[in-house]
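Build the full structure now, drawing on both the sequences and the hints.
Keeping their order, the protein sequence lines are chains A and B.
Counting from 0, one number per residue, gives the positions in the first sequence under numbering that gives the first Met the number 0.
Counting from 0, one number per residue, gives the positions in the second sequence under numbering that gives the first Met the number 0.
Derived from the structure by calculation, the hints contain no laboratory data.
We put the CB at the ideal spot given by N, CA and C, even for glycine.
Among the hints, a few may not be true.
[Stated by the list, open to error] Now the stretches of chain B that chain A is said to cover, found in silico as 3 or more residues with beta-carbon under 8 Å:
#1 177-189
#2 192-200
#3 342-352
Here is what each chain is made of, one letter per residue.
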Amino acid sequence: MSALVRLRDQAAGLANVARRALAVSLLGLVLGGLASLAATGFVFAVEWLNDVLWVSARSRMIHGDWRWLPWVTVAVLATGGLLVGLLNRYVLPGGRVHGPPDVIEVAQSGHGRLSLRAGLASAGAAIASLGAGASVGQYGPLVHLGATLGSAIARWMPAGGATLGTIGIGCGVASAISTAFNAPIAGILFAHEVILRHYSLKAFAPITVASTIGFVLTNFVFETRPLFRVNVVPEVAPAEFGAFIVLGILGALVAIAFMRAVILAGRLARASRLPVPFRPAAAGAALGIMALWTPEVLGIGKETLRFAIIPEAFSAGELGLLLVAKIIATALCLGFGFAGGSFSPALVIGALYGALAGYVAAPLVPGAADSISVYAICGMAAVTSPVIGGPITTILIVFELTRNYELTTAVMVSVVFANLVSYRLFGRSMFDEALRARGCDLTMGRDQLVLDHSTIEAYITRHFVEAHPGESLGVLRDRLIAAEATEAQLIDRERNYLGTITLSRLLVAIARAPNATVDSIADWDDEALRVDTSIWEALKHAESNIGEMLPVLEKGDSNRIVGVIAQSVIVRAYRDTMYGIRREEHAAP
Amino acid sequence: MRSVALCCLLFWGAALAQDDPEPLHVATWGGVYEESQRKAYFDPFAAETGVPIETADYAGGVEPLREQVANGRPEWDVADMTMADHRQACEEGLLEPFDRNSLAAAPDGTQPERDFIEGSFTRCGVAHNVFSVVYAFDKRAFPGAQPYRIEHLFDPERFPGQRAFHRRPDALLEWALISYGVPAEDLYSLLSTDRGMRLAFERLDRIREDIVWWSDPAEAVELLLRSDVSFAMGYNGRFFDAAVVRDQPIEIVWDAQVYELEVWGVPRGAGRPELSRRFIRFATRTESLVEQTRHIAYGPTRVSANRRVGEHATAGVLMRPHMPTNPLHMDRAIEKDVAWYARTRERLDERFDAWLAAGAE
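Shown next as structure tokens:
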């Protein structure tokens, strides 16, 4: 009999496992499929606009006999800029384009909620920017769009919550990257390394399914090509690996110069006092005029990327010139409010830098003359990985695009040294720097962010010893002793907080003047906590406060008291939150 | 009753032949290609209608058609052009509009709309076969290592010898850029930039001294068979005929083949549009297209015809492996961007002529 019961329990357990596995696959399947569709639609829309608006090289060649072509470019960029500017000003929450930094912030803070409106409007602004030929990237917007959809749907699902929202974000991001690069493993790693920043089995499984779906859809259903394919790879000489280290270190400097230029351009835009709607238009017009001489600065720069890995395509002088031009163009576009990422421009800048480095290395390093394209690809990875803060992702993207071990090994060397240097001199990534500028510091991990996003509300005690103005010291003392409390809160009839009275103070006062009232000895806590104060704030407050019970007031400016919170409880709130984070990070399905 | 009908039909046919002894003038490419057309549908058409087909020599380009249309009455009734030239001619208004409903259904009743492969129809005509530009080499010239990739065409040190090319930028520019390792999908966007064009011509500079130009496709094969050149660019069907049917010592290199469609169109203002349409309907029947594959290795544009591809009429070899559309040949295959060519022809030719002139100095 007991054997039968055991068998039944085991069967029930198995059924439970199967049900969970099914739910997890379904989540990944739905989210991955949708994000992949969205990414494909996004890329298609941009390509279509590029053809119609004479931005793509092919359409420029077809209409190239028309002498107004250059001015069409200026007009298209300025108009596209105006459209983006208006979206920024009137539609987008916070008056700015949202992107990967917002995804990271939401994923790190753990509430898993990305605004659908901000996501869709940002995607629209990015399509307009990229469609008009602004020098910005498309992977950032793709990641943000995928994350937004993932978050929205995961939260809408039954049993959806903060954790599921975060997993949804991971699924959307992985599928978007997998679709865009045709690189499913890189998709999974990007979601974990750059966005989630931890590996839990619970999230890993659906994210893997989502990434795979993205890959399957692009390869077998839409049969779209990866955005950049590398098919010819020369051999690497052993001595060159030393050169790749140097290439990586110097690549970090190029990456830092690029990131600093974007930040500087942002400051310039604010200092210019140009109204927000007109900022991108101004940058667009400037870019269009720049393109009269260097059409390579326009758009995503796919052709330039391709030429950079052809040794005969550029002279060293041209490479240097284009490198600077592309940095300026991209900084201008991003700083002045065009919507788009920094990943694709970083690829182009890096490839140009790498090819230039190859020219320099050719007479110095044996074997370098034959492998300029390897230098270009290493340079590309070395500049890109510090920008996105994803060394492993970058290495894997190169591996999945080339399927070549020698090349990936070379890239690996450059990438880690680039990240090492950039981390020291700049920070983890452009995204983290943007967050830091907004007051969200992730240098020490996510703990502070999560504490910052959790309030003390659940930990407030509504019962405390009340003191009222005019009450005598002795009466209060007796009440405190009866309640076994050490503190009382002085409140008026409207329950406004007037101060805190500690038992020790009360006893001292009684010894001095037994007939006095409590009013004279209340100690006003001028930085009182409020219901919506974060645990992080409460912790800081508790450090500087000697009292045991801290009063908690209503939200806003009111002085009405809601309850108290004990210091020990704040510590418990801290411990609970940390435990929650660890549980999420280590959770198995 | 039946014999009366047959009698009437014969009489009608004879009357038609008597009333209309004037042959239908079809512009086409000569050589074994024209022979395959003659066997597959020129002669059968004449037998059915009593109207003989007279061919006019045509070797590509829009210029001859432009002249004829400008002169008023074109000499050609039907023109067999490559898709790029056909589209350009159509855009320039040199061809009559075409009604796809005038075509015959497949034997199983499938409507032409669904039977022809994607991209077969244009405003002015219908595609009837897929051909490809490849290069072939003289096996006697390379007893050791043999060239098998496009890169080898631009490597005169490893593979010396004269190269016979069509005197046009078509396929040459593509090959030149492919030899740098550019994937086929990026080809035309790179050729659209000044830098890409420059790179392509730089590759051609390497072999400039070794180039022999041809203008008639039949010449390409002859040059190779006479050992006047070691390599020749040409149409796959003609090379197939020489290598397989006539068993000559040449080898076809399919790497980076440039494939395109061949299209029927009616010149603007041509004298007998009704008869021309009847001819096009006849020539694009599934049976006609299948019969042509028994004589030359060009892929039919109808799905129903592709299913029926069998052996060569005389050589007895299976034709499928020799078709441009065989998956084995599609690895680095280039689909010619005909829209690109149709809109950039003049500037391309200008640049090509400038390059030729620079070499002549």
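Name the hints, by number, that the structure is in violation of. none
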